[in-house]
Amino acid sequence: MTATATRRRGWTVGKAAAWTYLLGVLFVTIFPFYWILRTALSDNYALMAEPASLLPAGFTWGPFRRVLGLATTEESIAEGGSGASVELGHFLVNSVIYATLSTALIVFFSTLAAYAFARLHWRGRDLVFSMFLTALMVPGILTLLPNFVLVKELGLLNTFAGMILPGSLFSAFNIFFLRQFMLGLSTEIEEAALLDGAGRLRVLFGITLPMTSGPVITLSILGFIGMWNDYFWPLLVTSDESVQPLTLALAVFKQSSPQAQPDWAGLMAATLVAALPMLALFMVFGKRIVNSIGFSGVK
Amino acid sequence: MALLETPARETRPPQPATRRRGRGRGAVNANSPAHRGDARLAWVLIAPSLIGFAVFAVYPTLRGLYLSFTDFAVLTPPTWVGFDNYAKLAADDVFWSALGVTVYFVALSVTMSLAVSIVTAAVLHRLTSSTVIRGLIILPFLISAVVAATVWAWMLDAQLGIVNIAIEALGGDGVRFLTSREWAIPSIALINVWKQMGYTSIIIFAGLQTIPPTVYEAGRIDGASELQMFRRLTLPLLRPILALVLVLNVIGAFQVFDIVQVTTKGGPANASNVLQMLIYSKAFGQFDFGYASAMSFALFAILLVITFLQMRLLRANESEVSA
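If you read the sequences in order, they're chains Z and G.
Taking UniProt numbering, I'd label the letters of the first sequence as residues 1 to 299.
Taking UniProt numbering, I'd label the letters of the second sequence as residues 1 to 323.
Chain G on its own, in the form it takes in the complex:
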């Protein structure tokens, strides 16, 4: 979902309250009978959200930070251990291997997903406006990752899976997709791409529709080929949306869990043990909540840096894009 994008339009002129903000208590609304009593009602209306924000977002974040400095196994109270968890983290080969596996997965998954989605959206845009086709393409998005992973685990099964049967029928050698070290992560990435591609395509497609057709007419008059127009017109004009789906895809991919849990559970021999899987097994397998919290914060820090870099990328591109 479009979590990070700036509002496309702000149709309303600034409201009086905004303009006159800071003139002191009550001054804002005094001359507007329509807004008398607004404040009390506003606090009532936002109360549920505010409680949810405080209790299930702010408090757990702070508490998670605290727990990451403790030794905590849920059943006994946490004991403060300072930076022990983080020191352990820095020396933990399993953590670094999980980070490497995760980055590998994110890179594979996001590159494939974006490439397929961009081409699909562009093809859809130029060929057909059929809602039926677009609908069919997002079908995988509607089902749960558990369902998607289960089906693909069956289709990629080493002996009975239809994919291997097809490969062998075409003269190739069977692949142990989910049970071999080298194929586990690419297979999980493929499943993820299958599941996400439609959703990303539809968002890019919607972005394409905001490009005025006259741009393409002009291009055609200048004798540009379809491919040239795609490279010189479509891609640059789409950059803000591409940056958005890039950020969303990367953040989503970093937190992959369901598919791994259903298909490989992190195996074979940690080959697909992604960070979220590791955090889960540390917390609920070994009840090492303090250490798992520290890993959560490490993952958060990584996401923060990546998001920041991508936002910079997005902003850097804006000037180039505006027509």
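One chain only, chain Z, in its complex shape:
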């Protein structure tokens, strides 16, 4: 080893250790995703015979056919499935409706409120704002049961309205986050537009909103991820498959296996279908998502 190499040796060893650590973390992070795919392409009986196989055991498209409702009951049972048919496509549509509507509404209403708090002058502004901020401290558990009772009384159990409404009107975090950003925007363009006779709403939608598109997209992405993955609230307010989102369908799929051994291959195929939209979102917006998360924490 040369003299310079010796001088830098500690650093190099440290660097090698750091890379090893990082690769280890990446392996643990990614391996389960591979394992979903591998299991989803396996035959249940072959899985029991060779559980350690790193490649699909007894390769078959059967689990996906079962999950998408394409397999007959006999086919399903022959492959170690329960014979129960679950049409994930239908749940997928429910999830899209739930996540998209919820996210669109909450971001829209939060933007309006943030504008009122950042740009308009009115009595009671600070009072209302600090009231909203205290809501940040209240954990979800406190309002869950009473909100369930309320939604039940309103006759909204098993409806999209019941699922969406409680979370779609008010988000203290969104309002706080957007207001903070709007306070940092220059007022000059807005004031010029106002002097030229533009209305307040025109300024809001024509000038302020476009300038706020960055944080709005951030909140939309994070909101969509959260709503898509939401489990507890839909679990409480829906029991009917016509409105249930994917997250619930997975549990249904798991429970629909009456045998001692669950239909792991089918379950993994269903899991993959459930995760696929998020993985697609990641392919398209990967960098944006990464930056959004950092942004939301540090800003």
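Because the hints were derived from the structure by calculation, they are not lab data.
Here a beta-carbon is modelled for each residue, glycine too, at the ideal position from N, C-alpha and C.
Worth double-checking, as some hints may not be accurate.
To be verified - Derived contacts from chain Z toward chain G, CB cut-off under 10 Å, selection only:
#1 Pro146
#2 Met211
#3 Leu246
What the hints assert, rightly or not - Pair by pair, the computed Cβ-Cβ distance ranges are:
#4 Z:Leu209 to G:Pro268: 52 to 60 Å
#5 G:Thr111 to Z:Met48: 21 to 29 Å
#6 G:Val132 to Z:Ser213: 18 to 26 Å
#7 Z:Ala192 to G:Leu304: 43 to 51 Å
#8 G:Gly172 to Z:Leu54: 14 to 22 Å
#9 Z:Ser213 to G:Gly267: 45 to 53 Å
#10 G:Val215 to Z:Tyr21: 17 to 25 Å
#11 Z:Ile189 to G:Thr76: 56 to 64 Å
Start from chain Z and add chain G according to the hints.
Coordinates of chain G only, in the frame set by chain Z:
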């Protein structure tokens, strides 16, 4: 998400309205034609949020408080029972055991998550700025806890799970991860860490990037090793962000539900029956809504105290941090 942090910067100078507040009705805007009619528009703009706040946040909170003093099974009207539910709570072994289980889970989960996240973020920061690697690390955050729990339930399966097969291949004894009393909570904590670690790492990583490189250059000139710099420079400078992720992780962990529901449903024999699981089964399994509400408030009180303590911790550290 960054719910509890104070604004990093307030770039705008105080607005006239703020400065002149309290001079009486209308005085604020009178001399500013630009703000005539602001009030009416403002109330229109905040109306949806205000309704949502009142109907789905304030009202349910107050109602939950009321329900916690009643006997209520949803189908019949609530009857007032005073402090009965809370007295029952204090004497309820299952509740105290659930509290213990929850605290154990929070401690395990948060310690592991923070340790792994800090190291990961620091390693990322010093090695690579690759967005691809950062992206891969947050993949588990993108999928639902249900999906994460399902996959891990399969991988940790006692007979066919790949983790046990690997342990046995390496000469160890198989572990009944989700079906034994001693392993249920550590296993659920592991799944939670797997799911949360990337998100926390990215936030810490973003915090690291706000530390000026000159700090490290100075450290290097002084002959500090990487480890020393991590301990003496990185950690102290990061304290506000660490306090933030600590608060968020603790609050999140206290309310764990999805993973438990999918993997163990609280079993075996209540070994993983966390508070939120208990509240759920009391309310929707036994329709004891009054008692479940009382437990919600107990959990809330615990969270409040913990958050308060952590905020104190955060504030105490601020002076030490500012460069």
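Against the structure, the hints:
1. Pro146: 4 Å, holds
2. Met211: Hint violated; methionine 211 of chain Z Cβ to chain G Cβ min 14 Å, cut 10 Å.
3. Leu246: Holds, about 8 Å.
4. Z:Leu209 to G:Pro268: 52 to 60 Å: For leucine 209 of chain Z and proline 268 of chain G the Cβ distance comes to about 54 Å; the hint holds.
5. G:Thr111 to Z:Met48: 21 to 29 Å: 37 Å, violated
6. G:Val132 to Z:Ser213: 18 to 26 Å: 25 Å, holds
7. Z:Ala192 to G:Leu304: 43 to 51 Å: 47 Å, holds
8. G:Gly172 to Z:Leu54: 14 to 22 Å: 19 Å, holds
9. Z:Ser213 to G:Gly267: 45 to 53 Å: Holds - the Cβ-Cβ distance for serine 213 of chain Z and glycine 267 of chain G, about 48 Å, lies within 45 to 53 Å.
10. G:Val215 to Z:Tyr21: 17 to 25 Å: 23 Å, holds
11. Z:Ile189 to G:Thr76: 56 to 64 Å: 60 Å, holds
This entry does not satisfy hints 2, 5, going by the numbered hints stated previously.
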